[in-house]
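Engineer: Each residue of the sequence shown is one higher than the one before, starting from 293 at the first, in the numbering used here.
Hints may contain errors.
[Said to hold, decoys possible] Taking lysine-lysine and the DSBU-like style, the derived pairs with C-alpha atoms no more than 35 Å apart in a straight line are:
id	residue 1	residue 2
1	Lys679	Lys514
2	Lys535	Lys577
3	Lys529	Lys462
4	Lys632	Lys583
5	Lys483	Lys546
6	Lys554	Lys583
7	Lys583	Lys398
8	Lys520	Lys632
9	Lys463	Lys514
To be clear, the hints were calculated from the coordinates, so they are not data collected in a lab.
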Amino acid sequence: MQDFQSLGLSDELLLAVEQEGYTTPTPVQAQSIPPLLNGRDVLGVAQTGTGKTAAFALPVLQVMNRSKPQGKRHIRALVLSPTRELAAQIDERFSAYSEHLDIRHKVIFGGVNQNPQVRALEKGVDVLVATPGRLLDLIGQGYIDLSRVEFFVLDEADQMLDMGFIRDIKKVLKLLPKRRQNLLFSATMPKSIADLASSFLHNAVMVDVSPEEITVDRIAQKIMFVRKADKRRLIVKIIKQEKVSKGIVFTRTKHGANRLVKQLAQSGINAAAIHGNKSQSARTKALASFKNGEIKILVATDIASRGIDVNDITHVFNYDLPNEPESYVHRIGRTARAGKSGIAYGFCDDTESGYLVGIQQLIGFEIDVDETHEFHFMGAIPKPGQKPGKIKTASSGNKKNNSNRNKNKRRNNQRQSRPQQSNQKSGNRNSNRQRSSNKRRNRNRSRNNQN
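Could you put together the complete structure from these sequences and hints?
Structural biologist: Printed below as a string of structure tokens:
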């Protein structure tokens, strides 16, 4: 079995790794660290929770520590991250790994006062972790110079594109020196990411940690078929019965996350929500409370969840099944980290059975079904030959049928009203003719009388 020492890391970094409690490198670390130490670009396909931060942070720190430039510190490594939470957690890892090195690091992101960030930059930093918006903002104000960057790391590239950061990324790339080492990590590798990678990576080493490899390993997965109205009672029962110490619950919408937190509170379960509509201070507070155990349940949407990097999550609940199968893999990867085991529950109602079909097609096997709970609903089970995608319920079908019936009624009423309108017009014309005829007779009588 490979260890960190065999990867060629320095004594200072080996000590830091040991203090963090790591003994064996993960697959992405074992495959990425050697080529990065040898100066190669790396293209990594790995989701959050595979140890990819250490996979790029350790070699970057080691190479930077080998040769220290004279004079004032300047930005030598730039790590670009899509969310504030993820950026903060990457910076925390740099802090831990560089404990025995003379290397300064700083994280910058929006939603907070920029003055403390500017003061740190003015003192000089070696490693800068940033979100695209705040980075370009401070560059525009003249506080950041990227002309001497030696390492460029683009993390969670697929989420970067999903959030519309492609233009910002291209702006940053134009400001970097041509001679540098590049690293790109992404949970998925669609054509858009492959095209982006080919635009700035040179002769890159490909590192691929497949989703199937991650999901099957130490995660017990269960599907529970349930009516939508019963999901809240089901999750409360599981949390209480299994005495969940640290669990994350995924909802499809921000409103759904807020509503579930209130419902859990009514059942005596302390929870917090984290999503894009929350302020930075609220998100930071919720994540900190979750990490230190003040709250046991964190309710999140997919976008916000990318920044959650907590090693001791025991349970993952797919309260709403995701409509993108890859998101399921990302979600359940929040548990069973650092060699530990975990369990992932999926709640499937009758509108989500098509989503389940897509998920099982992606991971290559059927997830075990738990029929023992009191809310088991056979109507949510996928039909034989069912295709992936959202299922239209009977109620939605009735709405459509009612709509069609209403339209037909309106058409019939219009058709029926046309003859009536025509008869009215015809009657009006006849009445007018009669009045004209009477007027002529009266005029003739008047003339005769005058004569």
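Engineer: Confirm or reject each hint.
Structural biologist: Okay, the hints, checked on the actual structure:
1. As the CA atoms of Lys679 and Lys514 are separated by approximately 21 Å, the hinted pair is consistent with the 35 Å bound.
2. Restraint check for Lys535 and Lys577: the C-alpha separation of about 23 Å stays at or below 35 Å, so the hint holds.
3. Between Lys529 and Lys462 the alpha-carbon distance is near 49 Å, which puts this suggested pair outside the 35 Å criterion.
4. Only pairs whose Cα atoms come within 35 Å are accepted, and Lys632 paired with Lys583 is accepted, the gap being roughly 17 Å.
5. Only pairs whose Cα atoms come within 35 Å are accepted, and Lys483 paired with Lys546 is accepted, the gap being roughly 29 Å.
6. Only pairs whose Cα atoms come within 35 Å are accepted, and Lys554 paired with Lys583 is accepted, the gap being roughly 20 Å.
7. Proximity of Lys583 to Lys398 is assessed by CA-CA distance (about 22 Å); at most 35 Å being required, the pair is judged to hold.
8. At most 35 Å may separate the alpha-carbon atoms for a hinted pair to count; Lys520 and Lys632 meet this at roughly 31 Å.
9. With a CA separation close to 44 Å, the supplied pair Lys463 and Lys514 exceeds the 35 Å bound.
Figure legend: structure checked against the earlier numbered hints; hints not met, in rising order: 3, 9.
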